[in-house]
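For the sequence shown, the positions run 2 to 268 when my numbering is used.
Think of the hints as simulated: they come from the structure by calculation, not from any bench.
There could be a bad hint or two in this list.
DMTMM-like mimics (lysine to aspartate or glutamate), calculated; alpha carbons at most 20 Å apart, straight line [unchecked claim]:
#1 Lys34 x Glu91
#2 Lys35 x Glu90
#3 Lys31 x Asp144
#4 Lys170 x Glu203
#5 Lys233 x Glu248
#6 Lys197 x Glu46
#7 Lys170 x Glu46
#8 Lys170 x Asp202
#9 Lys184 x Glu46
#10 Lys84 x Asp124
#11 Lys35 x Asp121
#12 Lys140 x Asp38
#13 Lys117 x Glu128
#14 Lys35 x Asp186
#15 Lys197 x Glu128
#16 Lys233 x Asp222
#17 Lys140 x Asp121
#18 Lys31 x Asp121
#19 Lys199 x Asp186
#20 Lys170 x Asp121
#21 Lys95 x Asp124
#22 Lys184 x Asp234
#23 Lys184 x Asp144
#24 Lys92 x Asp108
#25 Lys197 x Asp234
#26 Lys84 x Glu128
#27 Lys184 x Asp108
#28 Lys233 x Glu194
#29 Lys197 x Asp222
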Amino acid sequence: MEIVRYPSYATPTKPQYVGFATLPNQVHRKSVKKGFDFTLMVAGESGLGKSTLVNSLFLTDLYKDRKLLNAEERIVQTVEITKHVVDIEEKGVKLRLTIVDTPGFGDAVNNTECWKPVSDYIDQQFEQYFRDESGLNRKNIQDNRVHCCLYFISPFGHGLRPLDVEFMKALHQRVNIVPVLAKADTLMPSEVERMKCKIRDEIDRFGIRIYQFPDCDSDEDEEFKQQDEALKDSIPFAVIGSNTIVEMKGKRIRGRLYPWGIVEGNL
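Using the sequences provided together with the hints, build the complete structure.
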């Protein structure tokens, strides 16, 4: 009697396996191949180092062709929306980064509703994305929605200004707001902590909803949980940006050179 041997089914660990267990890998490969879109808005009054910080974060110069306005031109300038797009690749992962800047914000004598062009722009991008998603051809949709807004707070005041409060309250339902304390190297460490505490208290008092970092899963290790808590306690982030490359301890870094030492650009 002849015995017929049938080939055994492949297991998920073998390359020839086809099944739903490979779906996460398929989605990962597709996403990495296509790349990601990320739109970051920076807002705040002029002179707080918004452009410098963006250059420091992404190690590029997005504003090399920008024209600097004189005092007279700033007086008559209205709030504008400008976009800078750059393609970044890191370890094989592609990112299409769009920086949305808001020149003219907070520079006028009368800043009543100067945030209106900003909120209108955010709404327009959501509406455009909704129309594209509702269309027939959804294969090559470009996501221009604003995913995050870095709002720069001046270190020279005593907490939030009325304009800061009104801007964040007008936008906190439209975009993830991350407040940052600009030019932290102008303050002593103790002053930075006092300023942060005051800003956090005022954010709570005025009912401003800023971006909240997600909580850790219960099975995460303790070191990661401590890092997550430290990150949450750091809000608003005290930031230092620099376009200058300096040498410190044998390494070339972006930082600010002072007579008394070097300040490394960081969060």
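Quick rundown of the hints versus the structure:
1. For the given pair, lysine 34 sits about 13 Å from glutamate 91 by alpha-carbon distance, which is consistent with the 20 Å threshold.
2. Restraint check for lysine 35 and glutamate 90: the C-alpha separation of about 12 Å stays at or below 20 Å, so the hint holds.
3. For the hint pairing lysine 31 with aspartate 144, the CA-to-CA distance comes to about 16 Å; that is within 20 Å, so the pair holds.
4. Between lysine 170 and glutamate 203, the direct Cα distance comes to roughly 12 Å. Compliance with the 20 Å bound is thereby established for this hinted pair.
5. Restraint check: the Cα-Cα separation between lysine 233 and glutamate 248 comes to about 31 Å, which exceeds 20 Å; the hinted pair is violated.
6. Distance hint between lysine 197 and glutamate 46 is fulfilled; the C-alpha atoms sit about 19 Å from each other, no more than 20 Å.
7. Simply put, lysine 170 and glutamate 46 have alpha-carbon atoms about 17 Å apart, close enough for the 20 Å limit, and the pair holds.
8. At most 20 Å may separate the alpha-carbon atoms for a hinted pair to count; lysine 170 and aspartate 202 meet this at roughly 15 Å.
9. At most 20 Å may separate the alpha-carbon atoms for a hinted pair to count; lysine 184 and glutamate 46 meet this at roughly 13 Å.
10. This hinted pair checks out: lysine 84 and aspartate 124 have alpha carbons roughly 16 Å apart, not beyond 20 Å.
11. A C-alpha spacing of about 29 Å is found between lysine 35 and aspartate 121, which places the hinted pair above 20 Å, so the restraint is violated.
12. About 14 Å separates the Cα atoms of lysine 140 and aspartate 38, which keeps this hinted pair within 20 Å; it holds.
13. Distance hint between lysine 117 and glutamate 128 is fulfilled; the C-alpha atoms sit about 16 Å from each other, no more than 20 Å.
14. Taking the CA atoms of lysine 35 and aspartate 186, the gap is about 39 Å. The hint is violated against a cut of 20 Å.
15. This hinted pair does not check out: lysine 197 and glutamate 128 have alpha carbons roughly 35 Å apart, beyond 20 Å.
16. Note on lysine 233 and aspartate 222: the hinted pairing holds, with a Cα-Cα distance of about 17 Å set against a maximum of 20 Å.
17. Annotation: proposed proximity of lysine 140 to aspartate 121 is violated, straight-line Cα distance about 27 Å (limit 20 Å).
18. A threshold of 20 Å between alpha carbons decides the hint, and for lysine 31 with aspartate 121 the separation of about 33 Å lies outside it, so the pair is violated.
19. Taken as a hint, the lysine 199 and aspartate 186 pair is honoured in the structure, with Cα atoms around 18 Å apart against an allowance of 20 Å.
20. With a C-alpha separation of about 14 Å, the suggested pair lysine 170 and aspartate 121 falls inside the 20 Å cut-off, and the hint holds.
21. Our distance criterion of 20 Å between C-alpha atoms is broken by lysine 95 and aspartate 124, whose separation comes to about 27 Å.
22. Of the supplied pair hints, the one linking lysine 184 and aspartate 234 holds, its CA atoms being roughly 19 Å apart against a limit of 20 Å.
23. With a C-alpha separation of about 32 Å, the suggested pair lysine 184 and aspartate 144 falls outside the 20 Å cut-off, and the hint is violated.
24. Taking the CA atoms of lysine 92 and aspartate 108, the gap is near 40 Å; set against the 20 Å cutoff, the hint is violated.
25. For the proposed pair lysine 197 and aspartate 234, the alpha carbon gap of about 10 Å is at most 20 Å, so the pair holds.
26. Annotation: proposed proximity of lysine 84 to glutamate 128 holds, straight-line Cα distance about 18 Å (limit 20 Å).
27. Annotation: proposed proximity of lysine 184 to aspartate 108 holds, straight-line Cα distance about 18 Å (limit 20 Å).
28. Of the supplied pair hints, the one linking lysine 233 and glutamate 194 holds, its CA atoms being roughly 14 Å apart against a limit of 20 Å.
29. Between the alpha carbons of lysine 197 and aspartate 222 the distance comes to roughly 28 Å, so the proposed pair goes past 20 Å and is violated.
In this structure, the hints that do not hold are numbers 5, 11, 14, 15, 17, 18, 21, 23, 24, 29, in rising order.
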